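For the record, the sequence lines run as chains A and B.
For the first sequence, the residue numbers in this note's numbering are 1 to 586.
For the second sequence, the residue numbers in this note's numbering are 1 to 190.
Note that these hints are calculated values from the structure, not bench results.
Note that the coordinates shown come from a computational prediction; the quantities given were computed from them, not determined experimentally.
Backbone N, C-alpha and C fix where the C-beta goes; we use that ideal spot for every residue, glycine too.
Take every hint as true, because none was put in to throw you off.
Among chain B residues calculated to face chain A with C-beta under 8 angstroms, some are: (1) 28; (2) 34; (3) 63; (4) 107.
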Amino acid sequence: MKALLTGNEAIARGAYEAGVKVAVGYPGTPSTEILENIVQYKEIYAQWSPNEKVAFEVAAGASISGARSLATMKHVGVNVAADPLFTFAYTGVNGGFVLVSADDPGMHSSQNEQDNRRYGKFTKIPVLEPSDSQEAKDFTIAAFDLSETFDTPVMLRTTTRIAHSQGMVELEDSRLNVTKEYVKNAPKYVMIPAHGRQRHLVVEKRLAELKTWAESTKLNRMEINDKKFGIITGGICYQYVKEAFPEASILKLGLSYPLPEEMIRKFAAQVGELFVVEELEPFWEEEIKIMGIKVKGKIIFPRTGELSARMIKGSISQELGLAQPEEGGIKTNDLPSSPPRPPVLCPGCPHRAVFHVLKKLKLTVAGDIGCYTLGCLPPLEAIDTTICMGASIGAALGMEKGNPDLADKVVAVIGDSTFFHSGITGLVDMVYNKSRGTLLILDNSTTAMTGHQDHPATGKTLMAEPTGIVRIGELARALGVKRVVEIDPFQLAEFEAVVKAEVAAPELSVIIAKRPCALLEKPTGLSASIDKDKCINCRQCMAIGCPAIAIRGGSVDLNESICTGCNLCVQICKVKAIRKAGENNA
Amino acid sequence: MREKNILLVGVGGQGAILASKVLAEVALKSGLDVKMSEIHGMAQRGGSVVTHVKMSDKVHSPLVEKGEADVILAFEQLEALRWLEYLKPQGEVIVSLQVMEPVPVILGKAEYPQGIVDLLYSKVDRVTAVDALAIATECGNAKASNVVMMGVLAQKLGFPQESWLASLKEIVPEKLLAVNLKAFEKGYVV
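Sequences and hints are given; from them, build the entire structure.
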């Protein structure tokens, strides 16, 4: 049976067919839908962990216990999980273990575009890279077999265009009973130095064996056609190359690391000029050059962003003196330019109230990763730093300690899911090192940016079972924070007074700005409205950047069809020209 | 009809992804190879969004590049203009009359181009402008305007109507199905 699946759905299906018993991850674009889809397979236990390190460790434990297990995360999540990854590469597995790293070239929804193939070389584990949804499924299954055959964790690396593209996939049945017996084996699983030294020898031997295996695996294949030039490629770039040069000779790498040296030599010997087409880092190019083989890569392709069929065709054609691809589209240069449409906080988003106040009070704001990162954009422009998940708290503490001028006005802003991810240790640091700062936890009761996943304070698991709730305020108090205030940011005057008071307080404060995500709230059907007779066109209400408020015909206009009735603008208007939601028909 | 490249463009939250899934499923049912590519995450929060649907005997790249689209289905006027250079010279534009001002326009830092539909007519032989929002509202839910647009597209592409209805039933949540089926049928006869 064939089905149309995204790469992520295909990986979930592959895990099911491979007999996976445990699947763990933390939401992160473009990896999130793997676990969201895995829950449909009742044979698999699946869970969100608070962060990728814990997710990796849970999956590693499941593997040691004998179960085939999967850990999923976005590329930067692998940084968080890197500590167990490096050492789990030493212990090896019992049940097969696959780590999915979903990379994001072009940074569609990420803070950097690191190339995680490098982790394969760094940790000495094999990396598989599918080129479409069918391969996403097939390679997932192959990765589990490879993991058990070579006693190694395996990385399955995707990119956004694989993860979020749909293609046809042939569905098969699940393999049953692949679970292994657990046998205690301290020299293998207890990494004290004496054991670690022995395991390091095993790792080096394993890598040498993997290199030999790379020569014969069907994951790599040569497509010999026109021999004028040859292209070594893989992942989504394989599809771009096929589109750009249907007749070219291609060495398609499904195993991104380690590389099949003999196969590459054979391929290079058969073709004229040799190119390597890969997004981001010159990972294969460097490996191939170390082999002493002449190849062109990043000298003609960018090291940043995504590639495309047209770009590949253009660059290689130019290099070979071939005709350039034609620009055959509609000519639009005489049309008015289209104003950009950056993403924006939704109408009714509680974060808008928070950033309005922080901006008004002229505070320095260490920000974090989530929808609320959009508070950095005009007109709010209320964020000073964003580095990585959880970094707001440490960064705020560092700014407080590093610059006396900032000490009285720096605050950290972090979401609820991000606080659980990696904010708690930062707060411990604030307590321990006598911070006088203020931490705002924007608690919208969900992991919003990635599509509303549950987390430790929502009371529900990934498998939709009710569970206990970690209460953020109680947690902060238990850590020793004396000033903990919980408040709805839409009570604007009160919220502003609280922020003022806590920033002025000579000791550490935690403010929990609690209000569910606007997309989770049932629409009230009510909207605010403008009383044109009272409006003095001062445009104060425009400063909150609500998509429902715009200038039309020279005066302020409120789009009642998208207004959620949050009443933030009502509270901001100094002349009371905006009527509250529900009072607009007077 | 063997090979078609279709771009669905709009604003995050308008339902472009759902529409693309329906379209891809229809192509699959007709026996074509099909790929669909979308971006979500941060861009989805009210930003400009595009999904690519390609169908042929064999599809390699999931992406439609500049000058390669046979059809641009635009859920918002400005987005039709933004992506126009992706259209083949003989291509077709189906545009919803809906206007959604981006933040720079709201803030008065940029102008929303005037007369977009006329500009489209000046460049493209086949333009269909649809008041999808009004039609969807008439059907009982303004949010179904994406499915009204699907109806218009369905009528142009020529796959069997049953196969569109079957795909809608597979993909649209049960409780919204009735209004969406109505929206599709209204779009189909535009």
